[in-house]
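Q: Each chain, written out:
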Amino acid sequence: DQQVKQNSPSLSVQEGRISILNCDYTNSMFDYFLWYKKYPAEGPTFLISISSIKDKNEDGRFTVFLNKSAKHLSLHIVPSQPGDSAVYFCAARKKGWGKLQFGAGTQVVVTP
Amino acid sequence: ETGVTQSPTHLIKTRGQQVTLRCSSQSGHNTVSWYQQALGQGPQFIFQYYREEENGRGNFPPRFSGLQFPNYSSELNVNALELDDSALYLCASSADRVDTQYFGPGTRLTVL
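Chains A and B, in that order, give the protein sequences.
For what it's worth, this note's numbering labels the leading residue of the first sequence as -6, then goes sequentially.
For what it's worth, this note's numbering labels the leading residue of the second sequence as 5, then goes sequentially.
Bear in mind the hints are in silico, worked out from the structure with no lab data behind them.
These numbers come from a predicted model, not from an experiment.
Virtual Cβ for every residue (Gly too), placed ideally from N, Cα, C.
Treat the hints with caution; some may be incorrect.
Unchecked claim - Estimated spans, in silico, between C-beta atoms of each pair:
hint	chain 1	residue 1	chain 2	residue 2	range
1	A	PRO72	B	ARG67	43 to 49 Å
2	B	GLN21	A	SER62	46 to 52 Å
3	B	ASN75	A	TYR32	24 to 30 Å
With the hints as extra help, turn the sequences into a complete structure.
A: Structure, rendered in structure tokens:
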């Protein structure tokens, strides 16, 4: 039962341009959402999160947007840099629960 | 501040054997969560330990068990290994049950 979906397995973007990663969820009980980045042979690294009471959260080059009515969130990376090449995971959590449910990930490749 | 560490890095076992994986939490964190990540998929929640007690479990059979120690380090034990247990096992620590989870580098388990 895949409650968090990342429908794009890969994304290629030029250095300096915007990367937009998308994530959809089905469970309306989710109230907190996170993005993690993962390099090969390393564990996921926390990037940015958003609570369901907000629709936008920014941290430097990273912005997460949440559309609760559409059960959709997106991560914008501006400008994209070669070091951003990694797998990005969207994760969601229900209120009061520690369990994170992850999407399958999107491989981002930033080309010069 | 020391991050989350896991040992061993890699492990090869045969079907039917038992394995113990270890995790040291980030300083100041009292909660540990374990995840299994199969190839090409996102991490799947196994269970969470908070102050030495299990605090939630995912859809994994009882042969997956865990412990958390007074210093908040943790072990994941898997009995009667099956081929499908081959995966990356990730440990994440957090300051509390619903705080942001920070991941270790993982243990790559191969079952032959």
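Q: Which of the stated hints cannot be reconciled with the structure, identified by number in ascending sequence?
A: none
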